[in-house]
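Listed here are the chains, written in short residue letters.
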Amino acid sequence: MTTTTTTPAKSAVNVASFTTAFTIIAFVLVTAYLGMRMAITGHGPFSNQHEFAVAFTWGILAAYLVALWRYKVRMLALLVLPVAAGLLVYAFQMGTEVQSLVPALQDKLLLTIHVGFAVLSYGAACVSFGAAVLYLLHPVFKFKLSRETFDEIGYKAAVVTFPLMTIMILLGALWAQTAWGRYWGWDPKETAALVTWLVYGAFLHARIARGWRGTRSAVLLIVGFAAVMFAYFGNHFFGGLHSYG
Amino acid sequence: MNDQLKTDTDFVQESTPATEAGDYTEVSIGEFFRRIYQVTYSKTVGLIIILILTAYVLLGVLIPQASSGVWNDIQARENFLDAMQNRFRGLAALMNFLGLFNVFTSIGFMVVMGALTISILGCTTHRIPQLWQRYKHPRIQVSDRFFAAARYRGQVETAASDEQTIAVAKAKLKAARYRVLDGERNLVYADKFSWGGIGTVIAHLAFILIIAAYVITSLTGYEAVINIPAGGGKQIPVGAGTDYTLEATSFDASFDPETGRPTDYVSNLILRAGDQIVKEQQVRVNTPLNYGGFSFHQGSYGNALDITISSKNAEVFSGVVVQSWPGTWMGEAIVVGTVELPTLGLLVDVISPRSGVVHPALKAGQVMFVILQASDGAQLNQITVDHGQTGKIGDMSLTFDREGAYTGIMVRNDPGSIWMGIASILLVAGMMITFLCRPKRVWMRAQDGVLMIASPDKEDSGFRREFTELLSHAQTWFEPVRSKK
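Same order as they appear, the protein sequences are chains S and E.
For the first sequence, this note's numbering gives the first residue as 1, with consecutive numbering after it.
For the second sequence, this note's numbering gives the first residue as 246, with consecutive numbering after it.
Worth double-checking, as some hints may not be accurate.
Claimed, not checked - Derived pair list, reagent style SDA-like, types lysine to any residue, alpha-carbon separation capped at 25 angstroms:
| no. | chain 1 | residue 1 | chain 2 | residue 2 |
| --- | --- | --- | --- | --- |
| 1 | S | K156 | E | G441 |
| 2 | E | K703 | S | L68 |
| 3 | S | K156 | E | L681 |
| 4 | S | K189 | E | T350 |
| 5 | S | K108 | E | A498 |
| 6 | E | K288 | S | R213 |
| 7 | S | K189 | E | L343 |
| 8 | S | K189 | E | K288 |
| 9 | S | K72 | E | E704 |
| 10 | S | K189 | E | G666 |
| 11 | S | K189 | E | M340 |
| 12 | E | K288 | S | S217 |
Stated by the list, open to error - If you anchor each label on the Cβ, the simulated ranges turn out as follows:
| no. | chain 1 | residue 1 | chain 2 | residue 2 | range |
| --- | --- | --- | --- | --- | --- |
| 13 | S | I40 | E | P309 | 53 to 61 angstroms |
| 14 | S | V98 | E | A623 | 50 to 58 angstroms |
| 15 | E | R710 | S | N14 | 26 to 34 angstroms |
| 16 | E | V272 | S | W69 | 43 to 51 angstroms |
Keep in mind that the hints were calculated from the coordinates and are not lab data.
Ideal Cβ positions, reconstructed from N, Cα and C, are used throughout, including at glycine.
Next up, chain E with everything else stripped away, as it sits in the complex (with noise of 0.2 angstroms):
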């Protein structure tokens, strides 16, 4: 009787050889990679996967994560590092080690994903062959056991023949838009969906496709960030191997007058390929630009200082230096802006206090240029100076001529977006089609003035009471029958 109810998949996995009991002594190459391919459509395998990813990905919630500019940079990564000691004490080692911290870009993150990518691969060419195999040639005959025990079932009492009770109820179930297929001795067997089972190929290909462009993102994405002073003509180059440059001439941002929370942040950017204006916009932080592959994202902004840089009264830097260093000093927040002077061997970094703060050593309108030596960083010398005003060391004169703002430009360029907005499509389209269009079976027999109906599919509520009522349509389908007394 079992043997009857067994669903398609079943009669699948038994065509496939058992393994002998005993057999350890020799194993072909074909059979290892059989039993390689095995592991790989497993679905326990496939649960357990999803099971430590899951673990994984918490993981890296719970545990603060250093971001891929932290962990890239030495300086900044040992920092990290060492607030991650002050916290987690001895174990932070260890789960350095274990790669805790960047969970992420991690080697055992990796493996996790590339063995799920496996795992799908394997489900999915093992599952489209018994797809294909259901929905081309599903299996049709059944006894007569078999409409005595299936989950759903049901009889119809009819006074026609059972020539006619089938063809009657054929003709119902094609109208009821049921594919129908004869069996032999008055059986039918009819389905709705039998290509259902699509949707979950779909969406799994669509996971394996989301994977394969976050790889690609990550492989051959450009992604940089470009802090560009706000009005003063100066253009920044973007970049990546092109002839960009982005030039601000102007930044605003706006607050909510009575909170204090951001409106608005708005740039005026002018994009240029070598010497021509190719877009100007305003770009804001859900208005991107975009032209050529590319687009620049609104991301921060802060303090920039106009200064002038002389040595021996020949004039050696002059513009915007961008304050986007933030550290503390004497206890108090302030922001750094550094000037490459190359000809002199030179580094002035321009700091400020961070807006709002009161700073013990320097005032309101006030910055100190620290001299480094650009070899090593040594200190070599430093002054404050007033706004509008010049300071001199030996036959070096420095001007802070006025305070502006500077615009933070996110740049993007990332090939893989386009393919992980296919995949978002096929997963959802995958989806969709694996709950709406779930495949429903019904076999009918004609036999001794009676119509027997059953489904052997899995228990579902839904299907339950499309079934009931296909029962109870088929009542209506023949003339009542007369009683025998």
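The following block holds chain S by itself, in its conformation from the complex (with noise of 0.2 angstroms):
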């Protein structure tokens, strides 16, 4: 009887430990990845959609290995994982060239910590949405983990995105005040980054300031993370001072 009991957990704790290992394994090579790239180009692995898809990537990533450190919570991964997947067979569709910098993009400094400050935040704010659907999911398939701690991790890693963000945001106006001698100018992208940070705005607002807790505020990360994904892939149609191919 008690072996009967015990074994089919163990299993189940080996898969998990497995898929703990494989997303380890992922972020190594995604790690080595970019860093070929960027050895070979001398900048950040942002000048086209398919480093920016694979940085994205490793963003997100790198935010759901430090949340599983911090949380102990491997089922964010059922979320998580798909988005960070489907961004690989995305960066895979686009060129994967290397390609010189267009002239708006020289400059490397700028280049790097602009667009890295949007991988970390980006890969956080996957992990915020991970955590909410999780939260909204609760009552239909009964998780062993409380209800409570998958608001607590949307919150925290809100409260990581939307510094990170305002950081990326800051950095780009002083971008374009160098090169175009304007901060802002509603580009399609900066004025879709700035919805973005609008949403996750509103949601620490209404968490801090108004106790928004469990649905409501499980439903903004939500729109927050569709306004993460709508500024991204902006770049196919909304053309703009932000398409560089």
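Using the supplied hints, reconstruct the complex from the two chains, each of which is provided in its own coordinate frame.
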């Protein structure tokens, strides 16, 4: 009797451990890939949609692993890893060749830190999205972990997302000032980033000032990540000054 | 019990007088403004304004927007609205009425931004006294029931007297960098980052400064694009009330031979103040020329033509014409430059095919001169001329000397940008303080050989860990209690 009840549990633990191990391996491989591209090009791997998509994947994996280390909630992988995998598939639909930087992107420092902050911020946003969805699904699937744990992870990930996104937007404004002489031009991509920033700002405002928790809070986090994806894929239909191919 | 667990904010809110039910008859002027003030610092109102602003900005992304240049040019605006009419059909007029084609300069958007500014100011001014109260005069005294019901609570048995116990606790809390304040009956209050709330004040004020900087930029900033022929020594006035002129000694565009992607645009610029050269520099997209509060940025480039026009054997124009206006003629793309001949009351449009276009009426190396009446734009005549040749219309001679290039330089002077920089630093600093210096409060009371520890702060896994750690450390502060059996 004892044997029959413990064996499946051990198997589950082993399978979950493999999942984490594979995620770590994937993170190392993506890091190596980006490192190699950086070594070849001499700048951050953000010069086209392929590089940015792989970097976005890296940001998601990094944020997930940090959340896993902090909260030990492997279930987040159910939502976060498919997004990462989808982005990798998308990345390899784009041109993978190493390209020279167009003149507007030829500020290697600002390119690296501006888009670097975007990658970290978007990665944390993906984790908050995963936690929010699991929070909403909790009553249906009766997870062992408490519902509040997902609420907490979603909030904490958004607390990381928001300042990183703020710095990303401000660095973009600084760069625009240098390149085009104006810090803000209502370019579609920067406006979409502002929408995203406002959604996360609304979330934190609602959470801290109004005490929003639970379902309303989770819905705002999902809307926030939808805004992130909208801003990210906007290059394909926005046009504007952020269309670099 | 609930009273004992209320936060300081709740205590402050309770101190405001309640509105009497059914009191609709008389509202004093002071009460009237107090109620308006209440609306400005209402967090619900603030949240609603943020959501409206989000929706507004989203509309600005989803709906095509006319740039300020297009919107301020009557003809360009009409062309834009015609295009929108074709796209949105019956809805276009309504959308235009609602300002949805120029969202970011529309009255509605300005109203929302104004409301947000007032809301932030109201929240901030309302919050500052609360923060000061919490920092300077925190609530210290709590009842025994507080220690039994607080969100975070625990206790440690000690063999020491209550006075000794609380003295040890104070010393340990101070060593752990808590601010410690004494209460009555062997009670201490301790906090960390009690000033941390100032972070939200800084961040909110920074946001107002960002809006103010944007207003300064919009009202006082100078922005223009000047097209300068590359080579040929032509000096173009910068404008903006200065005596500056710009000359481009050369312009080069480089491309990746394999992909055709542009790799560099570089203009050699000479800036003069009057006759004096004040700066000479290679200007690239990320390397502007800065002088006297102005910045000069590489913006665009295109065709320019070197031409000579004579009338009755007297030269009336000789120089470079910038072909900066795109257009179509006979279904193919063209570029147009215009020469003004004020002494003759004429305009001359110089037309050539756009780069890479095979035009049915203009062969490679050909340009067309179109003579127009300056007063009403009526076309008088036209002639096509080959490279290096001269064409004649009446007593006018029109010579196409050679092809060249122009560089488009964006000129900016923005007194708002320095404030934007300051606001950005404050915004980041405010956020860092808010998220990294979260206020933490702990109460301890020694009573009957037990040290009770509690905090009513909001649920937070980080603080819970810290509180558990504090409780665990507290176990080590005292000698183990011997069993009473």
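Hints versus structure:
1. At most 25 angstroms may separate the alpha-carbon atoms for a hinted pair to count; S:K156 and E:G441 meet this at roughly 18 angstroms.
2. For the proposed pair E:K703 and S:L68, the alpha carbon gap of about 23 angstroms is at most 25 angstroms, so the pair holds.
3. Between S:K156 and E:L681, the direct Cα distance comes to roughly 12 angstroms. Compliance with the 25 angstroms bound is thereby established for this hinted pair.
4. Distance check on the hinted pair: S:K189 and E:T350 sit about 18 angstroms apart at the alpha-carbon level, within 25 angstroms; holds.
5. Only pairs whose Cα atoms come within 25 angstroms are accepted, and S:K108 paired with E:A498 is accepted, the gap being roughly 20 angstroms.
6. A threshold of 25 angstroms between alpha carbons decides the hint, and for E:K288 with S:R213 the separation of about 15 angstroms falls inside it, so the pair holds.
7. For the hint linking S:K189 to E:L343, the alpha-carbon distance of about 23 angstroms falls within 25 angstroms, and the restraint holds.
8. Of the supplied pair hints, the one linking S:K189 and E:K288 is violated, its CA atoms being roughly 29 angstroms apart against a limit of 25 angstroms.
9. Between S:K72 and E:E704 the CA atoms are separated by roughly 19 angstroms; this keeps the pair inside 25 angstroms, and the hint holds.
10. The suggested pairing of S:K189 with E:G666 holds, with an alpha-carbon distance near 21 angstroms, which does not exceed 25 angstroms.
11. Annotation: proposed proximity of S:K189 to E:M340 holds, straight-line Cα distance about 22 angstroms (limit 25 angstroms).
12. A distance of roughly 16 angstroms separates the Cα atoms of E:K288 and S:S217; the hinted pair therefore holds under the 25 angstroms criterion.
13. Under the hint 53 to 61 angstroms, the C-beta atoms of S:I40 and E:P309, about 39 angstroms apart, miss the expected range.
14. At roughly 56 angstroms, the beta-carbon separation of S:V98 and E:A623 lies within the given 50 to 58 angstroms, and the hint holds.
15. Checked against the hint of 26 to 34 angstroms, the C-beta distance between E:R710 and S:N14 comes to roughly 29 angstroms, which is consistent with it.
16. Range check, E:V272 to S:W69: about 58 angstroms between beta-carbon atoms, so the 43 to 51 angstroms window is missed.
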